[in-house]
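Participant: Put chain B on the given structure of chain A with help from the hints.
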Amino acid sequence: MSALLEVEALTRHFVIRRSPFGRPITTVKAVDGIDFSVQAGTTLALVGETGCGKSTVGRLILRLIEPMAGDIRFEGRRILEFNEKQLRAHRREAQIVFQDPYSSLNPRMTVEELIGEPLALHDIVPVYRRRDRVADLLNLVGLDVRHGQRYPHEFSGGQRQRIAIARALAVEPKLIVCDEPVSALDVSIRAQVLNLLAGLRKRLALTYIFISHDLSVIKHIADRVAVMYLGRIVETAPADELFANPRHPYTRALFSAIPVPQTHSRRQRQLLEGDVPSPISPPTGCHLHPRCTHAVERCRIERPALVSDQNGHSTACHRWGELPAMIGLAEQEPPAPRLERLMAKFTRKSDVRAANSADTL
Amino acid sequence: MTSLIEIQNLKVTFRGDRGRTTHAVETISFDLARGATLGLVGESGCGKSVTALAIMGLLPKWSADVSGHVGFEGKNLLDLTDAAMRDLRGDRVAMIFQEPMTSLNPAYTIGEQIIETLVRHRGLTRAQARSRAIELLRDVRIPSPEQRVDEYPHKLSGGMRQRAMVAIALACDPQLLIADEPTTALDVTIQAQVLDLMRSLKRKTNAAIVLISHDLGVIAEICDEVAVMYAGEIVEHAPVATLFKAPQHPYTIGLLASIPRLDRRVETLATIEGSLPDMSVIPQGCRFAPRCPFMSEVCVSRPPPVVDVGARHWSRCAKTPLEIQA
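Taken in sequence, the protein lines are chains A and B. Mapping of the first sequence onto the numbering used here: position 110 corresponds to residue 384, and the numbering continues sequentially without gaps. Mapping of the second sequence onto the numbering used here: position 115 corresponds to residue 116, and the numbering continues sequentially without gaps.
So here's chain A without its partners, still in its complex pose:
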């Protein structure tokens, strides 16, 4: 397996206030030197709370925002050295789906125009075949061909997100950055879109960078997870390993804060004190130290490095080796047999549909 995307020491600060002479006075360190790589055909999830920089990372990878330092290699090519023409070609290989399908689709274009636009821009399909291609794409995301003549406002949130996905798929990309693609959707619709994304990944051999704050969604879709806090990755590991054995105090707090739909949960709680500090003047040393119960003097002074073990589980914490293991933070009781049988009724129906739509490809 080869890395499709490698990111090294990626950094982006935003200047939010300048002196009259244009010298920066206040800067936000949105992304503060992060490294990761994504294997082709897998899903890397970036998880964290508001303001941790996860969306900025997504935009940096696509060069929608320019990084200040660091290196991004896509299939071994340094995309930061691309000129305009090369960058345009790169856009065919990496696409993005945004969170809010209400503001990411132009309300004055029909669905057919919306999906046809990338085809025209990249001159992928000859004009006379464009309509067929749009129809194929609509089918692919589970929409009807007749929907092509309608406008975005005629669709529900879930359907709009399908349109946004079809638009991203139009250029046959290798990588899709999904920036909170299901956060604005209701539970039952969320499941439909997640199934669609998972199905497409399998059929089209896609690679995803999946940005989300919802850990149960991440557990479902990710192969590997990177937890971010204030512009840095604090822990990264294969998804199952991370959920079974979280090491970083922040990851643990995040896991124990997930509300699980069951009562009398026996989970251990580890609440963090206080709010997330402002990224304008983040704490020194380890960013978490003012909220961390395990913090010692060293945490206040020295930034912990992201150190990997032989299983690819990396943790940026000076003290993780000394902390007691916490298991079962993300534990959930299995449903009773009766409930399991009844719930299965909802799965089978959609399985059948998914199989059917694969035939129409």
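Hints were generated in silico from the structure; no laboratory data involved. As the structure is a computational prediction, the values presented were derived from the model and not from experiment. Certain hints may be false.
Taking beta-carbon pairs under 7 Å as the criterion, some of the chain A residues facing chain B (in silico) [what the hints assert, rightly or not]:
{"id": "1", "residue": "Gln423"}
{"id": "2", "residue": "His427"}
{"id": "3", "residue": "Glu428"}
{"id": "4", "residue": "Pro556"}
With a cut-off of at most 25 Å between alpha-carbon atoms, the simulated SDA-like pairs for lysine to any residue come out as follows [claimed, not checked]:
{"id": "5", "chain 1": "B", "residue 1": "Lys246", "chain 2": "A", "residue 2": "Thr301"}
{"id": "6", "chain 1": "B", "residue 1": "Lys156", "chain 2": "A", "residue 2": "Asp549"}
{"id": "7", "chain 1": "B", "residue 1": "Lys156", "chain 2": "A", "residue 2": "Arg612"}
{"id": "8", "chain 1": "A", "residue 1": "Lys619", "chain 2": "B", "residue 2": "Arg266"}
{"id": "9", "chain 1": "A", "residue 1": "Lys619", "chain 2": "B", "residue 2": "Pro306"}
{"id": "10", "chain 1": "A", "residue 1": "Lys619", "chain 2": "B", "residue 2": "Pro291"}
{"id": "11", "chain 1": "B", "residue 1": "Lys246", "chain 2": "A", "residue 2": "Gln606"}
{"id": "12", "chain 1": "A", "residue 1": "Lys619", "chain 2": "B", "residue 2": "Pro322"}
{"id": "13", "chain 1": "A", "residue 1": "Lys303", "chain 2": "B", "residue 2": "Gly159"}
A virtual CB, placed ideally from N, CA and C, is assigned to each residue, including glycine.
Facilitator: Just chain B, lined up with the frame of chain A:
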């Protein structure tokens, strides 16, 4: 158990343009005892917020027809005059809204907004009200409340603003507190803090709470009973443990099935196919029938019966008790 609030057959219809009517909620009935917490759960458009606003008397009179019975302290709140309702709101009945940034007044300090309530309802002097406001901010665990009391909402973080909202709602020790998605706008670690706070306040104040949420996880954390709403109706009502262990209504089961689980990974998530029915025409049969995998002839021909399954547990489904053989 004597109930503090008793709602019977609450119905809200909106009059729209060109004679269009929307049947937002219908046949809503529940009762709630002092100190108990009821969760109202459902997806967008199911009518949970409309139910809350109807109880609070906050729906616009010119477009909403509200009927039924909202019994509170021996009175029907729907019969009260606007003036009487204003005396009640913020005093014995209070509400917490979802978005603290839009529901707090940006032009007044946090303290001012708490003082306003105390002066209006309790007749305190401004000085008394101010020291009470500081106490309240301390109760909701806002650090250095003596300084925060003079700050404007924009200076506070999202979590702090929501705490300030809670402080305003609790200012007059309400007997009934309606919280409409109180943690939805918050990050998960901050949500955990606010839920923790609500749990401790619940013990301390003995108020009855109606918690509205789309998140079954949040409901499981703090509610005693749950009412699941679908297309303007309560489809299942149960004690919280029963709802998660042995739900009866197909919609509840579908909701539970479509949440990704933390304990295992499945190839395909369960989904509820289809979409919400058009609320301008009342369907003849069960509103969930078109999306229901258990649907049969009887479901579409007449409205589903309300069937009791156990203590304070009922389901609005003709197939109750729902069971399939292994």
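Participant: Of all the hints given earlier, name the ones this structure violates by number, lowest first.
Facilitator: 1, 2, 3, 4, 5, 7
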